[in-house]
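Sequence order for the protein chains is A and B. Using our numbering, you'd call the opening residue of the first sequence number 1 and step up by one each time. Using our numbering, you'd call the opening residue of the second sequence number 1001 and step up by one each time.
In case anyone wonders, no lab produced these hints; they're calculated from the structure. Incorrect hints may have been included.
What the hints assert, rightly or not - Calculated pairs, DMTMM-like style, for lysine to aspartate or glutamate (alpha carbon to alpha carbon, straight line, at most 20 Å):
| id | chain 1 | residue 1 | chain 2 | residue 2 |
| --- | --- | --- | --- | --- |
| 1 | A | Lys115 | B | Asp1017 |
| 2 | A | Lys28 | B | Glu1122 |
| 3 | B | Lys1052 | B | Glu1076 |
| 4 | B | Lys1146 | B | Asp1062 |
| 5 | A | Lys43 | A | Glu94 |
| 6 | B | Lys1144 | A | Glu10 |
| 7 | A | Lys115 | B | Asp1009 |
| 8 | A | Lys92 | A | Asp119 |
None of these values were measured; they are calculated from a predicted model.
In case you want the letters, here they are:
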Amino acid sequence: MDEDFLVTLETNKSQLKEVSEKALGPVKESILPLQNQEAQNIKGRLARFGVVVQEFRIKFQNTLPYHVAETSQEIIDGAYNMISAFYIETCKLEEEARELNNLETLFDLQRSSYKQLKDCKSELISLKEMWDLVALIDM
Amino acid sequence: MRTGADDEDQKIEEEQDSFNWMATKILKGVVTRYPTLDVFDEKIAHLTVVKKQISEMKQSVDIGWLRVNSVPLIKELEKTIDNWIKAHTEFLLHNTMRQIQNINQFITDISEGIKVVPKSNESEAEKAQLMAVMTHLRDVKMIKEKTLEQIDPMK
Chain A
1 MDEDFLVTLE TNKSQLKEVS EKALGPVKES ILPLQNQEAQ NIKGRLARFG
51 VVVQEFRIKF QNTLPYHVAE TSQEIIDGAY NMISAFYIET CKLEEEAREL
101 NNLETLFDLQ RSSYKQLKDC KSELISLKEM WDLVALIDM
Chain B
1001 MRTGADDEDQ KIEEEQDSFN WMATKILKGV VTRYPTLDVF DEKIAHLTVV
1051 KKQISEMKQS VDIGWLRVNS VPLIKELEKT IDNWIKAHTE FLLHNTMRQI
1101 QNINQFITDI SEGIKVVPKS NESEAEKAQL MAVMTHLRDV KMIKEKTLEQ
1151 IDPMK
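Next comes chain A alone, as it looks inside the complex (with noise of 0.2 Å):
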């Protein structure tokens, strides 16, 4: 049993390493060609989505109540289904930024952070529980 044991993990060792191998060495090599081209596709798409992302962050900041001048059952309405809004653009958004992480790393490029959308999702938080103390107070 023991020994078996042992047989069937040398076995998997080497049949992993093999498999490594034959994967990262003659079928990469062959497929180089498509991935390269796949990739400058890719790329065009990563470009596109990067002015999307550059474009929803400007009109988040030029819209979300980022200040409260006067406050009234309406404003705070108003304000909460803003948030709500862009918090639903936001996900959509980090979904695709996702889909294209993982086509980055498929195809070995170099990997976007979209910081941006990261800066939408902390803000959006921030201003919910603002606008929580503001419902709040005006009770």
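Following the hints, complete the assembly by docking chain B onto the known chain A.
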């Protein structure tokens, strides 16, 4: 502009990704948080010593006119100790067997997945095939070293 903090974040994300891939391929159904093998070894050795002490206990004791038969108690204690030793060794065995099973599955998946390589990426089917092959290559790249590192301690 990328900063040192961004690079650090990216490293953490990549490490998380690598662990996630391990978790979905090699560590599926495997318990990963448990004491070191030395702790297991120490515990099993201790239980074996206790078992020996129990087996050496007197089978009957005379207290005045009363003779106490301790055989049933000794047998019950030995059974309990055996169960505890079994629980420790079987946990390690099952966990290791599960991991080996996952490694085998991974090897099979990769071997099958890289058998057919697309010749172009013009049609949707070829693109899908290219993605599938690239996914296998990524898995190998991400998982290989960590998996090989785990095989020797299993011995």
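| task | Would you pick out the hints that fail for this structure and give their numbers low to high? | result | When the structure is compared with the hints, only number 4 turns out to be violated.
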